[in-house]
Amino acid sequence: MSDKKPETKKRLKTSEKLGKLMADYYTESAMVKAQKKPVAWLSSVAPVEVCYTMDVFPIYPENYGTMCAARKLSAEFCAAAEAKGFSTDLCSYALNNLGSIYLNKGPFMGQGLPEPDLLIATEHACLSMAKWWEELSRHFNVPLYIVDAALPVGEDPSPHHINYFAEQLRELMGFVEEHTGNKFDMDKFKEVLGYSDEASRLFLEIGGLRKTVPSPISPIEIFTNMFPIVTLAGKKEAVEFYNELYAEISELAERKEAAVPNEKYRLLWDLFPIWYNLNLFKYIEEKGGVVVADVYATTFGGRVDISRPFEGLAERYVGNPLLSYGVQQKTELYKQMIKEYHVDGVIFHSNRSCRMASMGQYDVKQGIYEDLGIPGAIFESDFVDPRSYSDEQVKDTLDSFFEILESRG
Amino acid sequence: MIKDFQERYAKRHELAREWKKEGKRIFGYFCGYAPEELIDAAGIIPVRILGSLDKVTLADSHLQSFICAFGRSCLDQGLKGTYDYLDGIVTSKTCDIMRNMPSIWSRNIEIPFVGYIGAPAKRTKAARECLIADFKVLQSKLEEFIGKSIDDDSINQSIETYNESRKLLKELYEIRGKDNSPLSGSDFYHVVRAGFVTPKKEYNKMLSSLKGELISSKSSRDGKVRFLVSGSTFEDVNILKMIEEVGGSIVADDLCIGSRYFWDLVEPASDPIRSLANRYQMRIACPCKHPSEERMERILEEVKKHRVEGVISIVQKYCDTHLFEYPYMRDVLQKNDIPFLYLETEDRLGEEGQFKTRVQAFIEMLR
Chain Z
1 MSDKKPETKK RLKTSEKLGK LMADYYTESA MVKAQKKPVA WLSSVAPVEV CYTMDVFPIY
61 PENYGTMCAA RKLSAEFCAA AEAKGFSTDL CSYALNNLGS IYLNKGPFMG QGLPEPDLLI
121 ATEHACLSMA KWWEELSRHF NVPLYIVDAA LPVGEDPSPH HINYFAEQLR ELMGFVEEHT
181 GNKFDMDKFK EVLGYSDEAS RLFLEIGGLR KTVPSPISPI EIFTNMFPIV TLAGKKEAVE
241 FYNELYAEIS ELAERKEAAV PNEKYRLLWD LFPIWYNLNL FKYIEEKGGV VVADVYATTF
301 GGRVDISRPF EGLAERYVGN PLLSYGVQQK TELYKQMIKE YHVDGVIFHS NRSCRMASMG
361 QYDVKQGIYE DLGIPGAIFE SDFVDPRSYS DEQVKDTLDS FFEILESRG
Chain D
410 MIKDFQERYA KRHELAREWK KEGKRIFGYF CGYAPEELID AAGIIPVRIL GSLDKVTLAD
470 SHLQSFICAF GRSCLDQGLK GTYDYLDGIV TSKTCDIMRN MPSIWSRNIE IPFVGYIGAP
530 AKRTKAAREC LIADFKVLQS KLEEFIGKSI DDDSINQSIE TYNESRKLLK ELYEIRGKDN
590 SPLSGSDFYH VVRAGFVTPK KEYNKMLSSL KGELISSKSS RDGKVRFLVS GSTFEDVNIL
650 KMIEEVGGSI VADDLCIGSR YFWDLVEPAS DPIRSLANRY QMRIACPCKH PSEERMERIL
710 EEVKKHRVEG VISIVQKYCD THLFEYPYMR DVLQKNDIPF LYLETEDRLG EEGQFKTRVQ
770 AFIEMLR
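Line order of the protein sequences matches chains Z and D.
Quick note on the working numbering: the first sequence kicks off at 1 and runs consecutively.
Quick note on the working numbering: the second sequence kicks off at 410 and runs consecutively.
Fair warning: there could be bad hints in the mix.
Part of the chain Z face toward chain D, derived, beta carbon under 8 Å [said to hold, decoys possible]: (1) Gly154; (2) Asp156; (3) Tyr362.
Just so you know, these hints were derived from the structure itself, not from any lab.
Beta carbons: idealized from backbone N, C-alpha and C, even for Gly.
Take these sequences, add in the hints, and give me the full structure.
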């Protein structure tokens with residue numbers, strides 16, 4: 001284990017349960033091959049509910065990337081992918097994953113992930129996912145299904161965009177049937193969607209509790225508690241977990257117990273954490289800043305209209321604001337969050353690995369400042385690859401930002 | 410003659426401002442997946458928004474340094490007012506940069522019309538229907554903008570004009586591939602690029618007379634090494650010129666500003682929108698699309714057909730989709746015993762020496 005344990009282990013009772021959920025999941029992942037259960041590798045924002053409906057074990061290489069980064073393995077893995085010809089400018093989630101495959105190494109029992117029987121990705125999050133999964137498909141020589149989210153960014157999706165996504169979800173069920181022999185069952189699907197929706201609802205409500213001053217939950221706690229909503233959406237366990245977490249956090253909120261002492265500046269965080277340096281939040285906290293809102297974790301939640309299972313699930317994915325908003329809509333969303341969460345300033349993590357989501361940050365920052373007078377700071381780094389990370393530069397940016405916040409009183 | 414094409418492109422903004430004075434409407438589009446025929450059928454002149462070799466200054470406060478030089482330069486040109494004659498922009502969701510560009514553009518640059526096409530990435534039937542619906546939405550938006558309907562006849566006429574361009578470009582492509590061709594790869598780049606900024610009817614006349622002229626002229630490229638050039642957009646033709654100057658000859662391509670743009674014709678279907686959707690969905694795929702095998706197969710076919718001795722890939726730094734496909738392309742070519750050279754650019758030739766040495770060494774190896 002890492003020498004720097006997340007602080008959740010100390011503070012929240014529920015975090016013990018989170019540890020167990022993760023351990024169970026990865027223990028199962030280690031045995032799943034022996035049990036001859038089909039394994040699918042999913043990109044983020046790919047519909048994991050399909051896997052739970054079809055009794056396929058889902059693996060998220062991206063989630064795994066965050067763990068490799070936390071365990072300080074990502075630099076070695078990224079370099080291994082680069083040695084095969086993948087550019088260092090590519091997404092480090094991808095480089096980390098490909099490198100860990102080439103080296104057959106990983107944070108669990110020293111081994112890589114169980115090999116996929118199926119590959120499912122969506123280019124909704126970014127095009128790199130489709131390209132990365134195509135490469136996986138060539139490497140493992142296993143079938144690939146890409147869920148294509150054609151939709152106009154910055155405009156509301158039309159019904160035909162929802163229909164196209166829904167149509168592909170149907171096709172995907174058929175794809176899984178064809179390659180696993182497991183049969184699709186509508187009742188099972190609805191049950192899975194029910195759990196997924198309920199976990200989402202709870203997760204969003206937990207996020208909403210951060211509106212309380214002082215915030216009852218820290219950013220590290222939010223980010224580490226994302227595991228179930230990403231990986232276990234559609235499982236009963238995720239609902240049980242978030243029920244408990246909600247109960248615990250709402251009790252803290254009622255008692256006005258601060259997750260971080262001396263909450264002076266309430267901050268909005270755009271976008272990814274630096275997975276190998278979650279301690280940056282500690283640095284921010286030393287300065288009196290607490291991240292009380294973020295769009296990253298929030299967007300993994302999303303309600304599903306179960307009465308129209310395929311369309312409902314499509315709407316959930318297509319409607320993800322992080323992925324379908326243009327800068328104007330994002331600015332409006334952030335402004336609303338700033339008001340609701342009583343935010344004093346915005347920190348933008350410009351992530352070299354994610355051109356898709358980092359593009360436009362300067363305009364959003366500017367728009368927020370013009371409309372609300374709320375200042376923002378942008379710093380650049382990479383979320384998984386630590387090789388060019390400059391702690392001094394990042395801290396310099398944050399220091400000047402806190403000077404601005406201080407001068408505003 | 411090539412000078413005419415070169416001049417067209419060099420004077421594109423001046424010319425556009427003249428059209429504007431004549432009362433014409435002009436739209437800019439960002440990539441080869443925008444259905445120009447629909448814009449043309451609305452009586453609007455479509456021009457492709459491209460960058461320039463000028464230093465990027467204004468875009469720096471909007472886009473990070475890890476956004477490709479092409480995207481940064483396009484926006485920079487917009488911010489500098491170079492495209493102030495545009496009445497609208499139309500874009501298709503292709504790469505992640507193009508995906509975000511319209512909202513950043515329209516927040517900072519006054520533009521009366523923004524048309525955004527969802528543009529499915531796949532080649533399936535469901536994707537086709539989605540694209541048809543996308544085009545219909547664009548059509549009605551355009552109709553609202555011009556205040557009248559766009560009938561099938563005008564779309565069909567535009568299709569015919571555009572197909573004529575494509576046929577002529579394909580003929581020129583074949584002429585370029587011949588032994589002792591009088592048309593070089595860098596010249597052809599000028600020819601293709603002029604088409605982005607010239608009304609197509611006029612452009613077709615230019616293409617026809619070029620064709621006539623080329624058929625009667627001769628030039629020798631004996632002893633030159635035959636290359637296929639593949640890759641993303643780049644602004645600087647000198648990259649191709651340099652390859653030719655050190656003993657290479659470009660006889661085929663898989664370029665964004667090249668065959669990928671004009672190769673596929675619009676074939677008649679039950680109605681013109683469907684014909685267009687078929688074409689834009691099934692055209693030679695940019696690496697933004699899925700799957701990628703067909704593009705590689707075409708490269709192999711072109712290599713065979715044009716007796717290509719080596720493939721040179723010219724890729725824009727930070728172009729994720731091209732970068733992701735580089736090891737794949739390398740392996741496919743290796744498996745087929747086709748020598749391969751990979752060059753990464755930031756829109757320009759840059760420090761000439763470095764590229765030149767690598768191309769020279771590649772040519773030495775092939776001789």
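Structure-based check of each hint:
no., hint, result
1, Gly154, "holds (4 Å)"
2, Asp156, "violated (11 Å)"
3, Tyr362, "holds (5 Å)"
The earlier numbered hint that this structure contradicts is number 2, and it is the only one.
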